[in-house]
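Chemist: In this note's numbering, the protein residues as written are 20 to 285.
Hints are computed from structural coordinates only; laboratory data are not their basis. Take the hints with a grain of salt, since some may be wrong.
As the list claims (entries may be wrong) - Calculated lysine-lysine pairs in the DSSO-like style (CA-CA distance at most 27 angstroms, straight line):
#1 Lys118 x Lys265
#2 Lys226 x Lys265
#3 Lys226 x Lys118
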Amino acid sequence: MLPLERHRLIVELLGQRGVMRVNEIAQATRVSRETIRRDLSELERKGILNRSHGGALAAENPLPTTRAAASALPVEDSQGSFQQRTLLHSEGKMRVARKALQFLQPGKTIVLDGSSTSWFLARQMPEMALTVITPSIRILQTLMSRRSLHLVGLGGDFSPTEESFFGEIASRTLREYAIDTLFFSCQGLELDSGLYAGTEAHAALLKQMMLAARQTVALVDGSKLGRTGVARIGGLGELDCLVTEKFVDPLLEKEMTWHNVGLQIA
Numbered sequence: 020m021l022p023l024e025r026h027r028l029i030v031e032l033l034g035q036r037g038v039m040r041v042n043e044i045a046q047a048t049r050v051s052r053e054t055i056r057r058d059l060s061e062l063e064r065k066g067i068l069n070r071s072h073g074g075a076l077a078a079e080n081p082l083p084t085t086r087a088a089a090s091a092l093p094v095e096d097s098q099g100s101f102q103q104r105t106l107l108h109s110e111g112k113m114r115v116a117r118k119a120l121q122f123l124q125p126g127k128t129i130v131l132d133g134s135s136t137s138w139f140l141a142r143q144m145p146e147m148a149l150t151v152i153t154p155s156i157r158i159l160q161t162l163m164s165r166r167s168l169h170l171v172g173l174g175g176d177f178s179p180t181e182e183s184f185f186g187e188i189a190s191r192t193l194r195e196y197a198i199d200t201l202f203f204s205c206q207g208l209e210l211d212s213g214l215y216a217g218t219e220a221h222a223a224l225l226k227q228m229m230l231a232a233r234q235t236v237a238l239v240d241g242s243k244l245g246r247t248g249v250a251r252i253g254g255l256g257e258l259d260c261l262v263t264e265k266f267v268d269p270l271l272e273k274e275m276t277w278h279n280v281g282l283q284i285a
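All chains should be built: construct the whole structure from the sequences, respecting the hints.
Modeler: Encoded structure:
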């Protein structure tokens with residue numbers, strides 16, 4: 020577990036319990052007590068928590084939420100970085116990714132975009148003979164030990180924040196493969212205007228992925244429904260299936276049915 024991820028987990032645990040001992044935090048984060056003591060000292064300096072003898076407790080003011088606590092962390096880690104996104108709505112993303120496993124079939128070629136939800140899918144993939152194409156460094160690292168997989172990394176213009184490649188080189192590489200299924204996520208999914216990505220570069224690459232794939236599966240946790248974003252990807256009719264953790268908008272459900280988009284609830 021990386022330091023930033025560990026710090027956020029400590030903040031969340033203290034927010035739930037109010038006070039914890041060093042031993043308890045060490046067990047929860049699976050690191051040494053010495054590491055936890057250093058973490059607590061750093062978080063105390065930033066005003067996120069108070070140290071106590073043998074542990075830590077929530078500050079007198081309400082303990083910051085995960086998002087609020089991000090403002091006390093380095094700027095590059097609080098601007099929608101990949102690392103930050105893996106910690107937001109993680110349970111929902113994990114459920115959605117698990118539900119999407121049913122679309123995997125041996126011998127097929129799939130694309131996983133650089134989203135954190137696709138990373139959760141990669142983490143849960145069973146041993147299976149697949150060709151996996153992705154622009155994501157994190158997904159490649161997650162899957163590199165799988166002997167049953169043929170991994171293809173899309174090169175191009177690297178984004179340190181996204182931990183992924185974009186641009187013309189990535190798009191050109193995509194066109195060299197016969198892709199069965201694309202798995203991707205988005206920044207928002209809205210009834211009238213469709214799908215949105217967090218950056219123009221991500222939207223442009225996703226458009227190329229959709230053109231190249233025979234089947235398009237969107238992995239969208241409930242926090243993204245009814246939202247727009249920075250750059251439009253396309254309309255709802257471009258999807259073959261939407262996998263989401265909840266679905267409470269009857270109009271959106273009707274629109275999905277109209278466009279013959281399959282709906283899977285995690």
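Chemist: Against the structure shown, which of the earlier numbered hints fail to hold, in ascending order?
Modeler: none
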